[in-house]
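Novice: From just these sequences and the hints, can you work out the full model?
One-letter residues, chain by chain:
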Amino acid sequence: MILCTKYNDQIIKTTADNDVFEENYDVIVAGLGTAGSIAAICAVEYGLSVLALEAGEMMGGTATAGCVLGYYCGNSGGRYEDVDEIINRTDKDLFCTVNHIFTDHIHPWHKALVLESEAIKAGVDIRYQAWTFGVYMEGNRVVGLKWKDEKGIHNTKAKYVIDCTGDAAICAIAGCETAYGREFDGKTQPFSLCTLLVKGGNLNSYYVDNGYIDPCNAENFTWEILNTYTQKMFLRDNFRDGHYYPVIAPLAGIREGRRIIGEENVTLKDFAEGKLTEEPLFYAYSHIDTHGIEHAFESKLYVEWCIVARLKMLVFAVPIPKGALIPKGYKGILAAGRCIGVDHDISSCVRMKRDMQKCGEAASAVAYLSLLYNVDAVDVNYNDLAELLKKSKCLDENNNRMAFRIGETSDGKKFDIPVKWLTDKNEIKKQLESIMPGIGIWSAKRLGNAITGDLRSWYDHGGEQLKKYSAVTLGLMGDNYGLEKLREMAGKCLNIKENMSMDDIFDGLGAVYLLGELCDNDCVPLLEKSVSR
Amino acid sequence: MYDFSVDELLIGATFWATGYAVSTAGSAMIIESSIRPGREFADSYKFGGEWEYVCLTKEGELFKNRLKETNVISEHQEPVLQAYIPLLCEIILEKRLNVLLSTRLISVEKEAEGYTAQICNASGIARIRAGRVIHTETPGKFGKKGINAMLLNKSRKSYYYSCDKFSVYARDNTAYLKMPVEREDTILTARQKLYDLLKTKPEQLDGFRLISIGSVFEYYDFRHSPESFSAGYENPVQAFDMGALAGKGGMAV
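The listed protein sequences correspond, in order, to chains A and B. Using this note's numbering, the first residue of the first sequence is number 1, and each one after it goes up by one. Using this note's numbering, the first residue of the second sequence is number 1, and each one after it goes up by one.
Hint data in this document are derived by calculation from the structure and do not stem from the laboratory. Any given hint could be a false lead.
Unchecked claim - Each pair of labels, with its calculated beta carbon distance range: (1) A:153 - B:143: 27 to 37 Å; (2) A:152 - B:66: 36 to 46 Å; (3) A:384 - B:206: 49 to 59 Å; (4) B:160 - A:2: 52 to 62 Å; (5) A:219 - B:249: 24 to 34 Å; (6) B:143 - A:238: 30 to 40 Å; (7) A:152 - B:249: 24 to 34 Å; (8) A:89 - B:251: 47 to 57 Å; (9) B:154 - A:378: 50 to 60 Å.
What the hints assert, rightly or not - Calculated lysine-lysine pairs in the BS3-like style (CA-CA distance at most 27 Å, straight line): (10) B:58 - A:121; (11) A:151 - B:68; (12) A:492 - A:312; (13) B:144 - A:151; (14) A:199 - B:178; (15) A:92 - B:154; (16) A:467 - A:300; (17) B:201 - A:121; (18) B:145 - A:151; (19) B:199 - A:121; (20) A:199 - B:199; (21) B:110 - A:13; (22) A:92 - B:157; (23) A:92 - B:199; (24) A:92 - B:165; (25) A:151 - B:110; (26) B:58 - A:92; (27) B:201 - A:199; (28) A:121 - B:165; (29) B:110 - A:92; (30) A:232 - B:95; (31) A:199 - B:154; (32) B:68 - B:58; (33) A:157 - A:121; (34) B:68 - A:232.
It should be emphasised that the depicted structure is a prediction, and the values quoted were computed from it without experimental measurement. Just so you know, even glycine gets a beta-carbon here, dropped at the ideal spot from N, CA and C.
Specialist: Take a look at the structure:
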């Protein structure tokens, strides 16, 4: 047996045949955040013995210690809804009302207490202030953890470890392959340190993007947290001038950290090309919600999707396969939460609280069936898994949908128009002429050469709108037939006027990108003129 | 081989530890398991008392003045508890103190000279050679401990009630519930006991609604000096000042 530890960012492996396990569990859930809380409860309800280790002092993660009261996107269904139902049904009069405008907002301490009660009732062994710093391995199989809490250092054996640390911390110690950040500069999405405010008797959460942070690097993490606390938002000249926050979240709101390389990996490229798993455990549901504004530093696909085709507000279901929860080449360990096998581009879409709770449930289901049938996680039968997850509606085919978010009112009501990829040329043409050309642009791109002739014809003979988006679509496909129009769109945008519409700005930014991609030398004077101005 | 070598390794980014690190002539490193320096007061909802305390060090006096200048403490009003954290962070950055957040002590071993400590954080384990290891979060001999909660006081009426099981103090739109627990209680069992208390709906808590629950115990009735245990002092200024005094060698720890 080998003990893996991380020593100053380097994995050290030492022989540990003399180490003695003091306890033995079916499953250790490491991290009792959004995914881990539900994973622990589900695993014990499946009949497994569960040890749950949490570095902080409460269950629930982002929704509780992170002080994010509301849900944003994500799909319904699954064990988490039972927990939320208990919260909505019981003891509400004991807690301060939360943002009463949004009906799905939940009091963080109410959720933490109910999760804790449910976990205790089910039989989860919860250990707070428990940090894992060693992983026991036999070959490529994880067989236990070395961890510490207030009572001391413990060696605990487990048939499965579910890494719900958010940043694949356990997988990283075990030596699993991981990825981090965007290609350009390795940055992840910005984080937020949330606060709670009481206004008119209601508890509201308030937060801004506080900058980039690396949760996997202790020095950077410390520096950014200290800096955040000394931003004007927190450090006031006069703390009684207006209301100061009664609560500042004890948990940093990390949107993206280290991700595993899974047996299967979900990418925006595959999604955009329609290469989706036919064996989903659940559907994540969101738009590309990066929070960053440095679009130029993101991938080409990101720019093409969000800026050129203006699909940033396309809310879509991402089917998550079992392999995305299994670190490549490893046994006895699963990942759940934002650190699963996804790429940076789609990670902002696969991190919402509803979906990450479902991810925890799915991971515990994989562990359960693996142990029940004495097979490795990769060999768990999909039909058995689907049957189990469909019972709680964690897996629900109705959640496989796509919509365009066209608005949101002050009372939290979302206006979504259901959409689908188009294959009919007339429908694509109609869409390109509409106020939401994005679906038409990307549908045409998916068709490829089969629609090039039509796009050129629409460019030559169509009205202004059709000409514009035919040029954009052709440009996306590497065809410079619409260069003249693209130059015109870029020029209009670069000649910035105060009353310029957002449509013109996005059109222009997309056109500038495409002119670069199409290596249009003739546009250089136009760009130079704009820059000098 | 060591990754760091320091004169003092301080456990907990407490007021005492920060005061110590600010004033010591030697090198000090502070490790804090949470992301919240000063949480021993801010997260236990301990308002403290004895604010007329006269500081024994200039560092303590400067810190007290900063709390006054930013109105965190003022006469006739309770301190703004959450403000402690940014103010301690400000000192940490200004004084360039060697602090690591989200970092935990794994082990300490006595060597012929000093100690070898192992700490753990997101970057992994590191070995530290320290002349001394000073715990500032570990209570010594205390009488009682309790868990506290912040409540919404909708009526905004001033109110005070106390019995064996709990006490509640309300002023303006906020109230604080204090509930003593057993020495053996963990934060988990204490929090569930507090939840159980709320569920019995004692009439003295009518009109109050829970905002949040403290994640750190409040300790009472110290029979001896708290020494380096920061939360054992009456208020953060005293804790900071006594840390600063110890850092100058004026107090044995």
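Novice: Each hint: holds or not?
Specialist: Structure-based check of all given hints:
1. A:153 - B:143: 27 to 37 Å: Between residue 153 (chain A) and residue 143 (chain B), where Cβ atoms are some 30 Å apart, the hint holds.
2. A:152 - B:66: 36 to 46 Å: holds, 39 Å
3. A:384 - B:206: 49 to 59 Å: 52 Å Cβ-Cβ, so the 49 to 59 Å window holds.
4. B:160 - A:2: 52 to 62 Å: Once the Cβ atoms are compared, 60 Å apart, the range 52 to 62 Å for residue 2 (chain A) and residue 160 (chain B) holds.
5. A:219 - B:249: 24 to 34 Å: At 30 Å between Cβs, range holds.
6. B:143 - A:238: 30 to 40 Å: Once the Cβ atoms are compared, 37 Å apart, the range 30 to 40 Å for residue 238 (chain A) and residue 143 (chain B) holds.
7. A:152 - B:249: 24 to 34 Å: The hint (24 to 34 Å, Cβ to Cβ) holds, given that residue 152 (chain A) and residue 249 (chain B) are roughly 33 Å apart.
8. A:89 - B:251: 47 to 57 Å: holds, 54 Å
9. B:154 - A:378: 50 to 60 Å: The hinted range 50 to 60 Å holds for residue 154 (chain B) and residue 378 (chain A), with Cβ atoms some 55 Å apart.
10. B:58 - A:121: violated, 53 Å
11. A:151 - B:68: violated, 40 Å
12. A:492 - A:312: holds, 22 Å
13. B:144 - A:151: holds, 20 Å
14. A:199 - B:178: Distance ~24 Å between residue 199 (chain A) and residue 178 (chain B) Cα, so the pair holds.
15. A:92 - B:154: holds, 16 Å
16. A:467 - A:300: holds, 24 Å
17. B:201 - A:121: Holds. Residue 201 (chain B) to residue 121 (chain A) sits at ~22 Å (cutoff 27 Å).
18. B:145 - A:151: Distance of about 18 Å is within 27 Å: holds.
19. B:199 - A:121: It holds: about 17 Å lies between the C-alpha atoms, which stays within 27 Å.
20. A:199 - B:199: holds, 25 Å
21. B:110 - A:13: holds, 25 Å
22. A:92 - B:157: holds, 23 Å
23. A:92 - B:199: With a Cα-Cα distance of about 10 Å, the restraint between residue 92 (chain A) and residue 199 (chain B) holds, given a limit of 27 Å.
24. A:92 - B:165: Within the cut-off at roughly 23 Å; holds.
25. A:151 - B:110: Status holds; Cα separation ~20 Å.
26. B:58 - A:92: violated, 49 Å
27. B:201 - A:199: OK: residue 201 (chain B) and residue 199 (chain A) at ~24 Å, within 27 Å.
28. A:121 - B:165: holds, 25 Å
29. B:110 - A:92: violated, 52 Å
30. A:232 - B:95: Given pair residue 232 (chain A), residue 95 (chain B) holds - Cα atoms ~19 Å apart, limit 27 Å.
31. A:199 - B:154: This hinted pair holds, its Cα atoms lying about 11 Å apart.
32. B:68 - B:58: holds, 15 Å
33. A:157 - A:121: holds, 23 Å
34. B:68 - A:232: Holds. Residue 68 (chain B) to residue 232 (chain A) sits at ~18 Å (cutoff 27 Å).
When held up to the earlier numbered hints, the structure conflicts with 10, 11, 26 and 29 and fits the remainder.
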